[in-house]
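The listed protein sequences derive, respectively, from chains A and B.
Per my numbering, the very first residue in the first sequence carries number 148; after that it's consecutive.
Per my numbering, the very first residue in the second sequence carries number 28; after that it's consecutive.
In case anyone wonders, no lab produced these hints; they're calculated from the structure.
One thing to keep in mind: the hints can contain errors.
Which residues of chain B face chain A? A partial, calculated answer using Cβ under 7 Å [stated by the list, open to error]:
(1) S85
(2) R122
(3) L147
(4) G182
(5) Q209
(6) T213
Here are the simulated DSBU-like cross-link-like pairs (lysine-lysine), alpha carbons at most 35 Å apart as the crow flies [what the hints assert, rightly or not]:
(7) B/K226 to A/K295
(8) B/K226 to A/K188
(9) A/K149 to B/K285
(10) A/K351 to B/K123
(11) A/K351 to B/K285
(12) A/K351 to B/K226
(13) A/K149 to B/K55
(14) B/K226 to A/K449
(15) A/K149 to B/K120
(16) A/K188 to B/K285
We treat Cβ as the ideally placed atom computed from N, Cα and C, and that holds for glycine.
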Amino acid sequence: MKRATRESYGAALAELSKENDKLFVLDADLAEATKTITFKKACPERFIDCGIAEGNMIGVAAGLATCGATVFASSFAMFAAGRAFEQIRNSVCYPKLNVKIGATHAGISVGEDGATHQCLEDIALMRSIPNMVIVNPCDDIEAMQAVKAAAEYKGPVYLRFGRLAVEDLNNEDYEFTIGKGVLLRDGTDVTIIATGLPVGRSLKAAELLEKEGISARVVNIHTIKPIDREIIIESAKKTGLIVTVEEHNIIGGLGSAVSEVLSEEVPTKLCRVGINDTFGYSGPAEELLTRFGLDAEGIKTKIINALKTK
Amino acid sequence: MNEKELKFLTATADKIRLGIVKSTYAAKSGHPGGSLSITDVLAYLYFYKMNIDPNNASDENRDRFVLSKGHAAPGLYSTLANRGYFDISELEKLRKVDAMLQGHPDMKGTPGVDMSTGSLGQGVSAACGMAYFGKAFNKDYKVYTILGDGECEEGQVWEAAMFAGQKKLSNLRVIVDHNGMQIDGTLAEVNSPEPLDEKFAAFGFNVIKLDDAHDFNKIDAAFTAADEETNRPTAIIMESIKGKGVSFMENQVSWHGKAPNEEQCAIAVKEIEDRLAKEAE
Ligand SMILES: Cc1ncc(C[n+]2csc(CCOP(=O)(O)OP(=O)(O)O)c2C)c(N)n1
Numbered sequence: 148m149k150r151a152t153r154e155s156y157g158a159a160l161a162e163l164s165k166e167n168d169k170l171f172v173l174d175a176d177l178a179e180a181t182k183t184i185t186f187k188k189a190c191p192e193r194f195i196d197c198g199i200a201e202g203n204m205i206g207v208a209a210g211l212a213t214c215g216a217t218v219f220a221s222s223f224a225m226f227a228a229g230r231a232f233e234q235i236r237n238s239v240c241y242p243k244l245n246v247k248i249g250a251t252h253a254g255i256s257v258g259e260d261g262a263t264h265q266c267l268e269d270i271a272l273m274r275s276i277p278n279m280v281i282v283n284p285c286d287d288i289e290a291m292q293a294v295k296a297a298a299e300y301k302g303p304v305y306l307r308f309g310r311l312a313v314e315d316l317n318n319e320d321y322e323f324t325i326g327k328g329v330l331l332r333d334g335t336d337v338t339i340i341a342t343g344l345p346v347g348r349s350l351k352a353a354e355l356l357e358k359e360g361i362s363a364r365v366v367n368i369h370t371i372k373p374i375d376r377e378i379i380i381e382s383a384k385k386t387g388l389i390v391t392v393e394e395h396n397i398i399g400g401l402g403s404a405v406s407e408v409l410s411e412e413v414p415t416k417l418c419r420v421g422i423n424d425t426f427g428y429s430g431p432a433e434e435l436l437t438r439f440g441l442d443a444e445g446i447k448t449k450i451i452n453a454l455k456t457k
Numbered sequence: 028m029n030e031k032e033l034k035f036l037t038a039t040a041d042k043i044r045l046g047i048v049k050s051t052y053a054a055k056s057g058h059p060g061g062s063l064s065i066t067d068v069l070a071y072l073y074f075y076k077m078n079i080d081p082n083n084a085s086d087e088n089r090d091r092f093v094l095s096k097g098h099a100a101p102g103l104y105s106t107l108a109n110r111g112y113f114d115i116s117e118l119e120k121l122r123k124v125d126a127m128l129q130g131h132p133d134m135k136g137t138p139g140v141d142m143s144t145g146s147l148g149q150g151v152s153a154a155c156g157m158a159y160f161g162k163a164f165n166k167d168y169k170v171y172t173i174l175g176d177g178e179c180e181e182g183q184v185w186e187a188a189m190f191a192g193q194k195k196l197s198n199l200r201v202i203v204d205h206n207g208m209q210i211d212g213t214l215a216e217v218n219s220p221e222p223l224d225e226k227f228a229a230f231g232f233n234v235i236k237l238d239d240a241h242d243f244n245k246i247d248a249a250f251t252a253a254d255e256e257t258n259r260p261t262a263i264i265m266e267s268i269k270g271k272g273v274s275f276m277e278n279q280v281s282w283h284g285k286a287p288n289e290e291q292c293a294i295a296v297k298e299i300e301d302r303l304a305k306e307a308e
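Could you build the full structure based on these sequences and the hints that come with them?
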């Protein structure tokens with residue numbers, strides 16, 4: 148199947164509505180776009196449209212959670228992690244309340260709306276808050292399970308979803324566990340560690356590399372916090388060179404999280420692929436991904452260059 | 028406003044509408060509904076009211092305009108292009124890679140854009156800063172900003188209103204585009220910020236109700252009345268029609284953030300061009 152992880156988000160919430168009558172879904176006038184509309188149709192009595200007021204929405208979510216509700220509060224990543232950062236920190240994470248932030252339209256693949264809507268900083272922001280768990284699923288199967296796992300987990304979770312449709316990489320028997328990285332492909336020359344939408348493109352890059360005689364291992368880190376240290380250490384020992392790929396600023400995101408593990412445990416050469424500390428701009432999503440070197444070719448080229456320094 | 032001026036503004040607004048329809052069609056995305064509801068006021072401000080000069084776009088004494096509801100960028104861009112800030116051909120490149128015209132207004136890339144906006148609630152605060160500076164340095168420019176009525180759900184709008192009222196920013200005009208709709212439905216269905224007039228009054232504003240945002244005589248009367256207020260900021264709450272001027276887009280929530288397809292674009296263009304031809308008679 149091919150669908151955007153925001154669609155999976157709405158679909159998983161609708162399924163969950165049947166199991167948990169204390170599940171609330173909040174949105175901030177973007178239900179059609181975040182796909183919480185799917186939940187709203189299934190369970191209108193537990194859907195609250197808070198209007199264009201993201202800070203208040205997070206506060207309301209916190210209040211509902213103090214009474215025993217499981218709450219998913221949704222908006223674009225920019226207005227959730229960005230606009231409501233401090234409410235998430237002080238009203239949700241500090242008291243460790245059972246609030247999940249469903250952040251859609253993350254990254255450059257937002258496309259035409261341009262820089263003001265392309266959130267490239269959310270992982271960095273959320274990663275720095277104690278008690279926060281961050282999950283960035285790469286396909287529909289993983290996203291559906293991640294939403295359900297977040298609902299079961301007691302405490303704050305930041306779920307990062309995309310606007311653009313992505314191909315399934317995982318099979319139906321895939322089992323998602325918070326905090327556990329997934330080895331998608333073994334290899335010996337380099338390890339690509341990716342999260343979210345670029346995971347699929349990283350796998351394609353590995354195939355391209357194989358044609359050039361380069362053996363690339365590919366690891367999917369869907370949970371950026373708490374990060375799976377074991378799989379990173381093991382990969383470093385096995386292949387040396389590590390390349391991280393993410394649809395986020397290279398500062399503060401997956402690349403930074405991996406570099407922290409590497410430098411503390413097994414100092415290893417690291418190359419970070421992502422947005423190089425600039426704002427995005429308008430354009431069709433696929434064109435932008437290519438421009439920013441997040442297509443399979445772009446990833447391949449960066450890896451070949453990095454291998455020269457190994 | 029005399030007959031000739033009225034005719035000129037009516038035709039200008041329709042030319043701006045053409046640009047909105049064609050640019051969003053070319054971009055295959057964008058926000059026609061909320062652009063069309065403010066078109067007449069944009070035409071009035073940029074072609075009649077404001078003290079501006081496209082050839083001297085950063086004159087420190089110019090009137091300022093902040094599109095707080097930044098998603099209505101196609102409306103602003105078409106206005107600026109028609110006013111001569113940049114070539115009209117830029118409109119066809121809207122939202123494309125390397126285009127000057129970004130999805131939301133970008134002040135560092137587009138001549139005539141006084142503030143970068145797109146995240147709702149923030150533009151009005153910047154407008155307050157511009158007005159405060161004008162007061163501090165005895166400038167006689169005015170600052171105009173257009174807010175969406177849905178945008179008024181943002182707490183920041185009321186922080187700005189509190190600031191403007193308390194600092195007596197009489198050079199500030201906060202225009203609320205009261206079309207009654209946002210994305211998820213009507214204001215009443217989502218999270219109504221009403222009553223807007225009483226709220227702005229309570230925050231220390233001179234409130235003017237403009238009962239038809241598509242009637243130039245009434246628009247002129249409202250903005251002229253605003254100029255008489257010397258002590259308080261003015262809020263102009265204007266009753267508008269989302270999608271105004273393209274019959275199938277009028278009063279439709281679904282035309283908030285959707286581009287016309289080829290057929291719809293052709294129908295809309297014909298409708299507007301027919302009107303322009305009639306107006307020219
Ligand atoms: C802070 C923020 N939250 C959400 C959005 C997404 N958004 C864009 S337009 C819009 C609805 C705006 O409604 P309104 O202000 O009434 O504008 P209009 O109907 O006149 O177009 C929303 C929610 C945004 N741009 N900024």
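Evaluated hints:
1. Interface restraint check for B/S85: the shortest CB-CB distance to chain A comes to about 21 Å, outside 7 Å, so the restraint is violated.
2. Restraint check, B/R122 versus chain A: the minimum CB separation of about 4 Å is within 7 Å; hint holds.
3. Given the 7 Å rule on beta carbons, the hint for B/L147 holds: about 5 Å separates it from the nearest Cβ of chain A.
4. For B/G182, the suggested interface contact is upheld, since its CB lies about 6 Å from the closest CB of chain A, less than 7 Å.
5. For the restraint placing B/Q209 at the interface with chain A, the shortest Cβ-Cβ distance is roughly 5 Å, inside the 7 Å limit, so the hint holds.
6. At its closest, the beta carbon of B/T213 sits 11 Å from a beta carbon of chain A; the interface hint therefore is violated under the 7 Å criterion.
7. Of the pairs offered as hints, the one joining B/K226 and A/K295 is violated, with about 42 Å between alpha carbons and a cut-off of 35 Å exceeded.
8. With a C-alpha separation of about 33 Å, the suggested pairing of B/K226 with A/K188 holds against the 35 Å cut-off.
9. For the proposed pair A/K149 and B/K285, the alpha carbon gap of about 23 Å is at most 35 Å, so the pair holds.
10. Among the hinted pairs, A/K351 with B/K123 is consistent with the structure: their alpha-carbon atoms are about 26 Å apart, no more than 35 Å.
11. The hinted pair formed by A/K351 and B/K285 meets the criterion: a straight-line CA distance of about 33 Å does not exceed 35 Å.
12. Simply put, A/K351 and B/K226 have alpha-carbon atoms about 56 Å apart, too far for the 35 Å limit, and the pair is violated.
13. At roughly 22 Å between alpha-carbon atoms, A/K149 and B/K55 fall within 35 Å of each other, so this suggested pair holds.
14. About 56 Å separates the Cα atoms of B/K226 and A/K449, which puts this hinted pair outside 35 Å; it is violated.
15. Proximity of A/K149 to B/K120 is assessed by CA-CA distance (about 30 Å); at most 35 Å being required, the pair is judged to hold.
16. Of the pairs offered as hints, the one joining A/K188 and B/K285 holds, with about 22 Å between alpha carbons and a cut-off of 35 Å not exceeded.
Violated hints for the displayed structure, listed by number in ascending order: 1, 6, 7, 12, 14.
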